[in-house]
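Asker: Each chain, letter by letter, is given below.
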Amino acid sequence: MNRRTPLLLTLLVLLTPVVAYAGLVAGRALGPAEAWEVLRGGGEPLARHVVLRLRLPRTLVALVAGASLGLAGAVLQSALRNPLAGPEVTGVTPGAVLGAVAAAGLGLAGWESPAAVVIAACIGGFTGAGLLWLLTGGERADPVRTAVHGVLVSAALSGLTAMVLLVAPGELGSVVQWLIGSAEGRVWEHWSLLWPWAAFWSLLAFGLAAPLTLLRCGDDQAAAAGLRTGRARAGALVCAVALTAGAVSAVGALGFVGLLVPHLAFALLGADLRTALPGAALLGALVVGGADAASQWLSRALALALETDRLSVPTGALTTCAGAVLLLAAVRRATEEKT
Amino acid sequence: MIQVEGVRFGYPGREVLDGVELSVAAGELVALIGLNGCGKSTLLRLCAGLLRPAAGRVLLDGDDLARLSRRAAARRVALLHQSAPAVPGMTVRGLVRQGRYAARGPLGMLRDGDDPVCARAMADAGVADWADRPVDSLSGGERQRVRLALALAQDTRVLLLDEPTTYLDLRHQLEVLRTVARLRHERGLTVVMVLHDIGHAARFAERIVALRKGVVAADGPPGEVVTPALLAGVLGVAGRVGRDPEGGWPVCYPDHPLEFDEGLAE
Chain U
1 MNRRTPLLLT LLVLLTPVVA YAGLVAGRAL GPAEAWEVLR GGGEPLARHV VLRLRLPRTL
61 VALVAGASLG LAGAVLQSAL RNPLAGPEVT GVTPGAVLGA VAAAGLGLAG WESPAAVVIA
121 ACIGGFTGAG LLWLLTGGER ADPVRTAVHG VLVSAALSGL TAMVLLVAPG ELGSVVQWLI
181 GSAEGRVWEH WSLLWPWAAF WSLLAFGLAA PLTLLRCGDD QAAAAGLRTG RARAGALVCA
241 VALTAGAVSA VGALGFVGLL VPHLAFALLG ADLRTALPGA ALLGALVVGG ADAASQWLSR
301 ALALALETDR LSVPTGALTT CAGAVLLLAA VRRATEEKT
Chain P
1 MIQVEGVRFG YPGREVLDGV ELSVAAGELV ALIGLNGCGK STLLRLCAGL LRPAAGRVLL
61 DGDDLARLSR RAAARRVALL HQSAPAVPGM TVRGLVRQGR YAARGPLGML RDGDDPVCAR
121 AMADAGVADW ADRPVDSLSG GERQRVRLAL ALAQDTRVLL LDEPTTYLDL RHQLEVLRTV
181 ARLRHERGLT VVMVLHDIGH AARFAERIVA LRKGVVAADG PPGEVVTPAL LAGVLGVAGR
241 VGRDPEGGWP VCYPDHPLEF DEGLAE
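Going line by line, the protein sequences match chains U and P.
Residue numbers for the first sequence, in UniProt numbering: 1 to 339.
Residue numbers for the second sequence, in UniProt numbering: 1 to 266.
To be clear, the hints were calculated from the coordinates, so they are not data collected in a lab.
Computed from a predicted model, the values in this text were never measured in an experiment.
Note that CB positions come from ideal geometry on N, CA and C, so glycine has one too.
Take these hints with a grain of salt, some might be off.
[As the list claims (entries may be wrong)] Among chain P residues calculated to face chain U with C-beta under 8 Å, some are:
1. A48
2. G56
3. R71
4. R75
[Said to hold, decoys possible] Simulated DEER-style distance windows between Cβ atoms:
5. R40/U / D129/P: 37 to 47 Å
6. R332/U / Y167/P: 25 to 35 Å
7. L203/U / A54/P: 33 to 43 Å
Just need the whole structure built from these sequences, with the hints factored in.
Answerer: So, in structure tokens, the structure goes:
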């Protein structure tokens with residue numbers, strides 16, 4: 001373990017409440033002073049309602065969903081030994097979105113019940129991952145092949161989602177939120193569903209840290225060292241899909257988080273997943289929490305500039321824009337290292 | 001120590017081993033030679049318990065490897081593969097530590113703990129000085145020694161090496177082979193290694209086992225086994241065999257490849 005690793009992890013832990021606070025004071029109706037007043041136990045009834053009933057659950061959901069996506073990405077990239085793997089490009093996220101949209105839009109499972117949406121997202125996520133598994137011919141697929149087929153599967157699933165939307169356009173407004181990803185309108189009900197789910201699968205994923213580290217060293221090496229690679233990989237995939245499905249059902253398909261946060265985590269914290277996994281979770285929380293806060297600030301600024309009050313920038317739009325830039329940087333660095 | 005009894009093994013559409021018999025005693029240093037695709041690496045994998053024989057069995061100290069769990073097998077026999085993928089961000093210490101998985105298990109690996117076995121493995125392989133450097137930043141020869149340290153960290157009595165000198169320059173080849181020979185004496189290891197260079201095999205092994213067409217074609221000390229007939233029959237080359245003027249071990253002077261099956265058919 002590197003000497004600066006504990007320092008980095010501590011820094012990430014300390015940054016989390018900062019980002020959370022930025023999210024809490026980001027909205028239009030209340031300023032930082034009023035929000036702080038409420039957090040200390042005072043404040044007007046209206047301010048209390050806004051902060052405690054609306055902003056706090058929204059911020060917490062964004063943080064936990066981000067952590068789940070970061071973890072899921074780190075687990076996937078290690079299990080598939082593929083730096084291009086991420087829930088977004090392996091069919092997991094598009095599958096989960098399709099599941100959620102189909103359940104909600106077609107009224108397959110009570111639209112009002114978030115639990116049903118989680119389950120539908122899970123089924124969709126597993127379907128997406130399973131499709132990719134079948135197409136690439138099982139576990140010994142090479143990274144490029146997996147990446148290409150992953151994009152294919154993801155595109156096909158997104159197409160299906162679009163078809164569902166055409167059939168059931170009634171819920172379009174809320175559904176768009178899922179497609180792009182946003183924490184807006186998330187309340188305590190979502191939080192109470194999300195955190196036990198995320199906590200359970202995160203613990204399980206962390207228990208797999210040692211086998212996943214070995215899988216990063218290559219299957220031959222891992223097997224020689226005493227790992228049953230097939231079983232370890234299957235367990236890791238289940239964890240990754242479950243974490244992604246939980247996050248998607250709460251905040252939708254936030255672009256690039258699961259693909260890029262792991263890169264950041266591995267670059268900062270090294271290849272040992274005992275530190276890289278918590279790092280990926282914290283970074284994911286920071287990125288999504290930060291993007292959520294930033295999107296609210298941006299909405300406010302745009303509203304002032306355009307003199308309209310019905311404008312809100314979805315969180316996912318920000319993560320996708322920032323993510324695309326970062327991915328480009330990561331790919332360029334990777335090719336430079338190779339040459 | 002290792003007992004290979006009538007082992008057959010094949011991949012779909014291709015028979016590789018066709019009834020191999022081999023017995024390696026504790027403390028021996030055995031070199032496996034043969035042409036590409038003759039089943040050397042497959043035999044090594046079978047001896048490590050990474051593959052299950054289609055027929056016959058492999059015994060380790062009298063225990064059937066097929067009955068041991070993956071972890072139990074890895075606690076008793078370590079295998080260094082021919083090549084390994086790069087692991088970005090992995091330090092030497094971190095990679096060598098992975099050898100402790102079989103002994104500590106998935107949850108035991110989560111605890112850090114100062115592991116004297118890893119420290120010893122790194123010292124034995126001569127990589128302790130680079131412990132905190134990324135493996136990717138090392139040269140090929142250095143990386144090979146790190147991987148040797150990983151295998152040593154499994155703390156097994158049996159060490160299997162699959163072409164440990166591939167891609168290394170002559171200097172590093174000798175370095176790795178001398179390290180293996182030294183450790184085998186110091187730690188009382190039983191070593192079986194696949195070597196492509198018959199010169200190295202004659203120089204470092206005390207016993208050479210030659211595989212051909214899925215069976216053992218020759219088996220004995222280098223002085224007896226390494227002959228022009230072996231060069232022709234097993235390796236498919238015509239050549240002469242002399243002696244090292246100082247050490248006395250056989251030295252090969254290969255000349256030209258034989259027409260296919262000219263020598264192999266005999």
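Asker: If you check each hint against the structure, which ones fail?
Answerer: Per hint list: 2 and 5 violated.
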